[in-house]
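There are 2 protein chains.
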Amino acid sequence: MSFQRVAIVGLGLLGGSLGLAIGRALPDCATTGFDADAGVRARAAELGLVGRVCTTVAETVADADLVILCVPVGAMGAAARALAGSLPPGSIVSDVGSSKRRVAEVLREALPGVTVIPAHPVAGTERSGPDAGFPDLFHNRWCILTPDADAAPEATARLAEFWTALGARVEVMDAAHHDLVLAVTSHIPHLIAFTIVGTASDLEQVTQGEVIKYSAGGFRDFTRIAASDPTMWRDVFLSNRDAVLEVLGRFTEDLTAMQRAVRSGDGDALYALFERTRAIRRQVIEQGQDDARPDFGRKDH
Amino acid sequence: MSFQRVAIVGLGLLGGSLGLAIGRALPDCATTGFDADAGVRARAAELGLVGRVCTTVAETVADADLVILCVPVGAMGAAARALAGSLPPGSIVSDVGSSKRRVAEVLREALPGVTVIPAHPVAGTERSGPDAGFPDLFHNRWCILTPDADAAPEATARLAEFWTALGARVEVMDAAHHDLVLAVTSHIPHLIAFTIVGTASDLEQVTQGEVIKYSAGGFRDFTRIAASDPTMWRDVFLSNRDAVLEVLGRFTEDLTAMQRAVRSGDGDALYALFERTRAIRRQVIEQGQDDARPDFGRKDH
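If you read the sequences in order, they're chains A and B.
Quick note, the first sequence lines up with residues 1 to 301 if you use our numbering.
Quick note, the second sequence lines up with residues 1 to 301 if you use our numbering.
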């Protein structure tokens, strides 16, 4: 195996799952872990998320051949600066952040001369914290690597091999393209879900009790997405601003067209869109990206 | 039991589930069913969705003490006119439509002198058609009755008893308030989901293949909602126009505020919203309106 000692900085849903996944898939690989929160460190040790929980980031990375930063995107710079002086020569630094252009800049700046291969496993749940981790999180999920044009291909290949061993499917992509694709498939859906849940709970003529009571009509699916970690998502939107604003502009145009169709009673325009979106769902199911059971098997029928 | 012979007009997800639910919970109640589509009638007979599938709507309702219209909201008027001449005296007409003000008007106009108690079971899945029906659909779900101010309280009470027997929890509400509450909890979430799925598949710099491939980051949840029946939803938006436009206006305002926060880098505004929406999710779970397993148990961990 290409890495013998992996250091994980940040032991929440992603870092914890990563430690557990390595423990299961690569039992010969030693793992160390650090979290800035002492309570999280204690819990991570109890749960055995990594082989050894360290009390300083320097100790965590001192011996590592791969360091993976699993902190919110806005904390990447500080985390990288904290470990810069302790990195052993030849080690590779990567991350799991949901936006890649800004993270690459920040890591390059904090770690001059270090091999940095940014990565984004497209996986997660609405839970966060060390108790949310589980070893299957990356299984059959895509992990997108966004090396710079001048990154050593061997380093990218080693990291790809590592993620493949954890059950992920690896793609290599330009960071800017990653940020646009993820703005569409993840960031804008989250921003919209956060917003509609806020709108619903604000509407004075409708009580919050009613919003919750009748949420099975569609709203509850948005509340799940809108339960995701606030710090992580704040940082995603701030760090992927350009792509988020571009896609949001498109969405707003399309929503305005739908609003006009509702106002003018243009049933054909509505029907044409609804037919088209149904076909996309079929492809999501066919490509194994979702559970085909109605309501995700909520009722187990 | 208050009803002995129930006629179901429209044998899709709702009508089929209703027939199956009656068959299980009220075995002494005879059911007849009709669908305008001969293929659906044949399939409904094969599946045993109702006791007897009829070839005309007149035959279906001839003997019924309760008639429930399970057709798209836009087809309610035509369905009501078709059965008006065949209704036995004293029978009650109800429906399962997702908007109530317009449906009440249409039914009142088509059925002068008939006792009409509009109803909306807040239940469904993304599937449609006779094969989508299952007897548990209404179990523990809310059913909202919206009788006119001058409706006989006994008729409302009988219908409430009927839905309670099928496992639903019954609320009585003013039709206009229903339409606003459902615009918030169901109609606008659906309109937004349909729109974002359309936006994503249109974005030229991102291929449709990539949108599907990376949909596990949030987008896939929207595709499920956007797979719902196109005819049903077209009619919902057209028939609940005023409430839909009002809530959509609020949502657009809130989204514009979020857009401004992203553009200006106002992380505190983003964080404050995300914290608040997380609390709403907890209430949805606590009130039993959703499955608490992460990702709805998609990975069964």
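Be careful, since some hints might not be right.
[As the list claims (entries may be wrong)] Label-pair restraints from in silico Cβ distances:
#1 B:Thr256 with A:Gly267: 22 to 30 Å
#2 A:Glu286 with B:Arg52: 32 to 40 Å
#3 A:Asp202 with B:Glu161: 44 to 52 Å
#4 B:Asp131 with A:Pro27: 42 to 50 Å
#5 B:Gly249 with A:Thr55: 32 to 40 Å
#6 B:Arg169 with A:Thr55: 50 to 58 Å
#7 B:Thr256 with A:Thr164: 23 to 31 Å
#8 A:Gly265 with B:Arg169: 31 to 39 Å
[To be verified] Here are a few chain A residues that face chain B, going by a calculated C-beta distance under 8 Å:
#9 Arg108
#10 Trp233
#11 Ile280
[As the list claims (entries may be wrong)] Partner residues aside, some chain B positions facing chain A, computed with beta carbon under 8 Å:
#12 Ser2
#13 Phe3
#14 Cys54
#15 Thr55
#16 Arg141
#17 Phe194
#18 Thr199
#19 Ala216
#20 Gly265
Read the hints as simulated data drawn from the structure, not as lab findings.
Ideal placement from N, C-alpha and C gives every residue a C-beta, glycine not left out.
Status of the given 31 to 39 Å range, CB of B:Arg169 versus CB of A:Gly265: 34 Å, holds
field: Cβ distance range 22 to 30 Å for B:Thr256 and A:Gly267, holds or violated
entry: Since B:Thr256 and A:Gly267 have Cβ atoms about 28 Å apart, the given range 22 to 30 Å holds.
- prompt: For the pair A:Glu286 and B:Arg52, does the Cβ-Cβ distance stay inside 32 to 40 Å?
  reply: Given about 38 Å between the Cβ atoms, the range holds.
message: Tell me if the interface restraint on B:Cys54 is satisfied: Cβ within less than 8 Å of some Cβ in chain A.
response: This hint is violated: B:Cys54 lies away from chain A, its Cβ roughly 27 Å from the closest one there, beyond 8 Å.
- request: Go through the hint on A:Ile280 and say holds or violated, using the shortest Cβ distance to chain B against 8 Å.
  value: 5 Å, holds
message: Tell me if the beta carbons of B:Thr256 and A:Thr164 are separated by a distance inside 23 to 31 Å.
response: 43 Å, violated
- prompt: Taking the least C-beta to C-beta distance, is B:Phe194 closer than 8 Å to chain A?
  reply: 5 Å, holds
task: Evaluate the given range 42 to 50 Å for the C-beta pair formed by B:Asp131 and A:Pro27.
output: 47 Å, holds
message: Is the interface hint satisfied for A:Arg108? The criterion is a beta-carbon contact with chain B at less than 8 Å.
response: 21 Å, violated
- prompt: How does the Cβ-Cβ distance of B:Gly249 and A:Thr55 compare with 32 to 40 Å: does it lie in that range?
  reply: 53 Å, violated
query: When the nearest CB of chain A is found for B:Arg141, is that gap smaller than 8 Å?
result: 6 Å, holds
message: Hint B:Thr199 vs chain A: min CB-CB distance below 8 Å?
response: 5 Å, holds
Consistency note: the structure conflicts with the earlier hints numbered 3, 5, 7, 9, 12, 13, 14, 15.
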